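> What follows is the residue order along each chain.
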Amino acid sequence: MAEAVVFYVFGAIAVIGSALMITRRNPVSSAWSLVIVMVCLAALFVALSATFVAAMQIIVYAGAVMVLFLFVVMLLNLSEEELGKPKVTGIKILGIIVSVGFLVELIAMSLRAPAETGGLVEGFGQIIPIARLLFTTYLLPFEITSVILLAAIVGAVVLAQRKREKK
Amino acid sequence: MITLNHYLVLSGILFTVGAVGVVARRNTIVIFMSIELMLNAANLAMVAASRALGDMGGHVFVLMVMAVAAAEAGVGLAIILMIYRIRGTVNADDMNLLKW
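As you go down the protein sequences, you meet chains A and B in turn. Just so we're aligned, residue 1 is where the first sequence starts under our numbering, counting upward by one. Just so we're aligned, residue 1001 is where the second sequence starts under our numbering, counting upward by one.
Mixed in with the good hints there might be a few duds.
[To be verified] Some, not all, of what chain B presents toward chain A, calculated at C-beta under 10 Å:
#	residue
1	1001
2	1024
3	1033
4	1041
5	1048
6	1058
7	1070
8	1071
9	1093
10	1095
11	1097
12	1098
13	1099
No lab work stands behind these hints: they were computed from the structure. These figures come from a predicted structure and were not determined experimentally. Ideal placement from N, C-alpha and C gives every residue a C-beta, glycine not left out.
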C-alpha cells in the first residue's frame, strides 16, 4: 500500500517534471525540472529497495551532472534571440508521432513482463553486496568503466581549453 | 499492488518524453538533458527488473550507466562550448556542416 502511494505520487511528479523539462524555453528552468525528475526517481529507487543506487542517483546526477549543465548554461549566458523562436516543422511532428508509436510498443512489451519471483536476499540493494558483485562477477566491466571516465576527462580537457597563441 | 509492469510503463513514458525532447527541441543543451532523461528511464527499468528477479546485477549496471552518463555530459558539454566559441550558436539547426 505504501509502495503504491510512493509510486503514484513520485511517478506523477516525474512525468510532469519531464514534460516541463522539454517545454520550458529557458535552459535553467529545464535543468531544474530535470533535477526534480531525478529526485523523484531516487525516491522510486528507495521504494524498489535499491538504497545505494538511490544515494548515487542524488550524488552523481542531481549533484555532479546537473551542476555541470548549469555551469555551461551560465557560461554561455544565452540571450532571448539566441534561444530562438520555437518553430513547428513537419519533421518535428513526424518525430513526435514516431515517438508516441514507440511508447505504445514499449507499453505493450512492458505488459508482457514475467511475474515477480519474490523473496529478496539479505541486504538486497545495500552497499556491501553490490561492492562484492562489482569486484568479482563484474570486475571487467568495472575496469572498462574506469577507462571510459579517463577518456572523458582527457577529452573534456582537450576540447574545452582555449587555443594557445604560438610564441 | 505495484508490479514490475507499473515500473516498466513509467520507464517507457519517461523514455518517450526524452525522445520527444530530442526530436522537438533545437537547443543542444536541452537535447543533452533529454538524453540524460532517457538514460534515467533505462535505469528505472533496470532497478525494477532487478528487484523482480531478486538479482543485484541490475544495480551494478545502473552504476555503469551513471558513469557513462557523466562521461557523455562532460565531453558533450565541452563540444557544445567549443561550437559556441567557433560559431556563436547552440542551435542544432545551425550546425549543418556535415548535413547531407
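> Does each hint hold? Answer for all of them.
Status of each hint after checking the structure:
{"no.": "1", "hint": "1001", "in the structure": "7 Å, holds"}
{"no.": "2", "hint": "1024", "in the structure": "5 Å, holds"}
{"no.": "3", "hint": "1033", "in the structure": "5 Å, holds"}
{"no.": "4", "hint": "1041", "in the structure": "9 Å, holds"}
{"no.": "5", "hint": "1048", "in the structure": "6 Å, holds"}
{"no.": "6", "hint": "1058", "in the structure": "8 Å, holds"}
{"no.": "7", "hint": "1070", "in the structure": "6 Å, holds"}
{"no.": "8", "hint": "1071", "in the structure": "3 Å, holds"}
{"no.": "9", "hint": "1093", "in the structure": "8 Å, holds"}
{"no.": "10", "hint": "1095", "in the structure": "13 Å, violated"}
{"no.": "11", "hint": "1097", "in the structure": "17 Å, violated"}
{"no.": "12", "hint": "1098", "in the structure": "17 Å, violated"}
{"no.": "13", "hint": "1099", "in the structure": "13 Å, violated"}
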